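For the protein sequence lines, the chains are A and B, in the order given.
For the first sequence, this note's numbering gives the first residue as 113, with consecutive numbering after it.
For the second sequence, this note's numbering gives the first residue as 113, with consecutive numbering after it.
Don't take each hint at face value.
Any copy, or any two copies together, can satisfy a pair, since identical chains are not distinguished.
To be verified - In silico DSSO-like pairs for lysine-lysine, Cα to Cα no more than 30 Å straight-line:
| # | residue 1 | residue 2 |
| --- | --- | --- |
| 1 | 472 | 372 |
| 2 | 173 | 292 |
| 3 | 372 | 292 |
| 4 | 472 | 499 |
| 5 | 372 | 491 |
By construction, these hints were calculated from the structure, which means they are not laboratory data.
These numbers come from a predicted model, not from an experiment.
There are 2 protein chains.
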Amino acid sequence: MNLILTLRILGSLLLFLGAALFTPLPFSFYYGDGVWSTFILSAVICFVVGGLLFRFCNSPKELTVREGFAVVSFGWTIFAVFGALPYLLSGAISSPLDAIFETMSGFTTTGSTILTEIEALPQSLLFWRSLTQWLGGMGIIVLSLAILPMLGVGGMQLFKAEVPGPTADRLKPRIQDTAKMLWGVYFLLTMVETLLLMFGGMSFFDALCHSFATLATGGFSTQNSSIGAYDSSYIDGVVTLFMVLAGVNFALHFQILRGKAREFFRSEELRVYLGIILVATVIIMIFNGVGGVYRPFGENLRYSIFQVSSIMTTTGFGTADFELWPVLPQYLLVLLMFIGGCAGSTGGGMKVARILLLFKHAQVQVFRLIHPRAIRLVKLGNRPVDKDVLQSILGFFALFIGVFVVGSLLVAASGMDLVSAGGAVVACLSNIGPGLGSVGPVDNFAHVPGFGKAVLIICMLMGRLELFTVLVLFFPSFWHK
Amino acid sequence: MNLILTLRILGSLLLFLGAALFTPLPFSFYYGDGVWSTFILSAVICFVVGGLLFRFCNSPKELTVREGFAVVSFGWTIFAVFGALPYLLSGAISSPLDAIFETMSGFTTTGSTILTEIEALPQSLLFWRSLTQWLGGMGIIVLSLAILPMLGVGGMQLFKAEVPGPTADRLKPRIQDTAKMLWGVYFLLTMVETLLLMFGGMSFFDALCHSFATLATGGFSTQNSSIGAYDSSYIDGVVTLFMVLAGVNFALHFQILRGKAREFFRSEELRVYLGIILVATVIIMIFNGVGGVYRPFGENLRYSIFQVSSIMTTTGFGTADFELWPVLPQYLLVLLMFIGGCAGSTGGGMKVARILLLFKHAQVQVFRLIHPRAIRLVKLGNRPVDKDVLQSILGFFALFIGVFVVGSLLVAASGMDLVSAGGAVVACLSNIGPGLGSVGPVDNFAHVPGFGKAVLIICMLMGRLELFTVLVLFFPSFWHK
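Extracted from the complex, chain A is given alone in its bound form:
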């Protein structure tokens, strides 16, 4: 591990964070919320630390896979630490642990909050809070489609974005080109949603913040009662649509922009993803209808599809308290929490493609028992999946369950009840936001004991970085030659 090189890159990331800390300033001045100096001070701290690291850590060596892991894991961590400065310096959040929780929840696009009174925050801080999610989403798209496939993490090789045009004939498609194209899509979708929300009566500020949180599948809102505060079926509809879009592989969105709509719908993962949302919505509507939760069909559809999309895409916005729904809908939502969005989207969870391959693997295993001499490969969209990739995906699944179990155990040890502890861990590990029990859709994470919060911060990071990226750091052999 080349620590010097890693520190240099982390330094440059801090310089970028410093620059990002200037963006809330216009809102601070416009609303006169009086916290502008906080952002400038935070930016200065980032510039000084980042500048020193960048200046004095110099290494002539090339970046290798190992530094890749370290940069990604530590990069997200320092963003969570330094990005928490505005909360702390303004006094909006007094405990450093709470501030880091909130920022990690932002940059990992989780959306779990320790704030009990969101609307009391100065506007510029609310903007920063939403921006952390949007920046986190930008990071994730490139991470999942360009960086992790190169590092070979958790079967992500399957989802490498294939960059068209001038880079196609180069041996190593450059991360920068891929990033630019995907970010173009991300930016465009954010702008379209902002306009559509403003059309529905939202202020520019609210529309922008909510679009940031939607496209990142983050779920931070500027309102205490999330999207429910607007009580508008139009807004619910727009947000539902964009949540579902944000849960789709961004490389597919890029195909659509290039006019290749057929390519888009040919994706097996996409079809399964939409199928799950549809089937879950129908089942939940039946139970909610029979259970008398929602009487008119339209109302039932509106609230059911919103919560399904919000949970499945791991956004975590809310318009209804699903803990008041019948047992089966609740159980289905818990299930969706583990599945999550598509690979290459900003959504978290285990990802639809992995679940799909797991299911196919199990099917092939049963088939082999009946036909011991037949050869049947696991395929994804007609292409056979490499054995090593499949093993990696199976390992990911086992690890995900393992981390969930150990995390829940630790959070339960901190004094939470069984359902709330499990709910909190899956909410953070899958980067959703709200969980169950005392951290349910109308609650927050303020009351979680300190030790529990620390565990949840690690869960958010591990879940967001596809587990392996963080776990390698705990192997002693990672650190020496």
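Add chain B to chain A, keeping to what the hints say.
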């Protein structure tokens, strides 16, 4: 699939069941409980149906792997159906669904009961109830060490009993020889426990019934409050010891009898199994001690190690209501429910060896990311594990979680709450007995809605037969050439 041959073998199994139905008669006469005719009638029904099948279904063909699956799955099913006759004919259980639930729970060595007043049952029926577990345990030992490895189910190839002596040089070690040796161990341990329990003051009848249930890791008791009814630390200790022994691979017990104690403790699975019991007990004792559940050290040890052993080995006996313990101990017990005993024991669950290999696989996956060119194989006890076996085990894990999820969903749909539904399914799928919530250690399954009971019956069967054995039957290609 050769249906004729399958039916013939099922017929011979029914003849065996008919013979077994005579064994409760001495108890019926001794206690004068007046239900002797019930057993004779049940036996006659088995003889008639079994005899007809055996006589008229005749096939000159050889048994193949497919008939193997069918015989095992349908064999357990007809035992559950015909074994329920004494409950129904005596009127002790009036609903056929309930009676089949109780019998399936017996033959799968689960121990979940729909009886609310166990002590009200005639003695001979209580004996039959315990005997179903003991016979089920006999079946499981041979199934897991001789039959499933041959069929290649869920990685059980790893645990094939290696038969020493005269059969070693034959190409196909015969199931019968293996069975005889393993049953010898099983019988011996049952007798020793019976004697030790009688020494502690239990009647011969109670001692025999509880030994049957212990060695089978079944958990049916003759008392409403299970082993807790005796309130004796000696009896708790004896039962704890034999539960732990029953959760060990019976091929290892055989090694000890042959004087190869070193072989015994060299088993990596055994060491991990004992390690988990030890560590779980210590952690639970700390939390129970600090939580003030048990004050004196001895009392804490006695109750903590008993429930840990009972759950981990999937026996399900109880001496305390662990739902009154702090959250973490409860959570740990839930975890143990999924793990279960050793492969080749009478215990259920996913089996320690599978969990161990899963963990090693994940470790190797992380290692490979750091050292992409290094070759590191997953090993069990110094022997590398074949890739196909590993894939099969990974598939088993995914399926187990999948069946648990779908099962819980269905039971929740029948109207049970989230925790109770999940608890009931894992209790049945891992063949434990008691679950959580409304089916907790001091409750029973009487109140579960009919649909839920049907789902749980299938869970018991699937769990006991290592999932794959039952699942193959649902593949259309299983039925044609």
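These are the hints, each one checked on the structure:
Proximity of residue 472 and residue 372 under a CA criterion of 30 Å is satisfied intra-copy only: 28 Å inside one chain copy versus 43 Å between copies. For a Cα distance limit of 30 Å, the shortest separation of residue 173 from residue 292 inside one copy, 26 Å, qualifies, whereas the shortest one across copies, 67 Å, does not. For the identical chains of this complex, residue 372 and residue 292 are intra-copy neighbours only, at 19 Å inside a copy versus 67 Å across copies, given an alpha-carbon limit of 30 Å. Taking identical chains as interchangeable, the C-alpha atoms of residue 472 and residue 499 lie at most 30 Å apart whether they share a chain (13 Å) or sit on different chains (18 Å).
In this homomeric assembly, residue 372 and residue 491 come within 30 Å of each other (Cα to Cα) only inside a single copy, at 23 Å, whereas the closest approach across copies is 47 Å.
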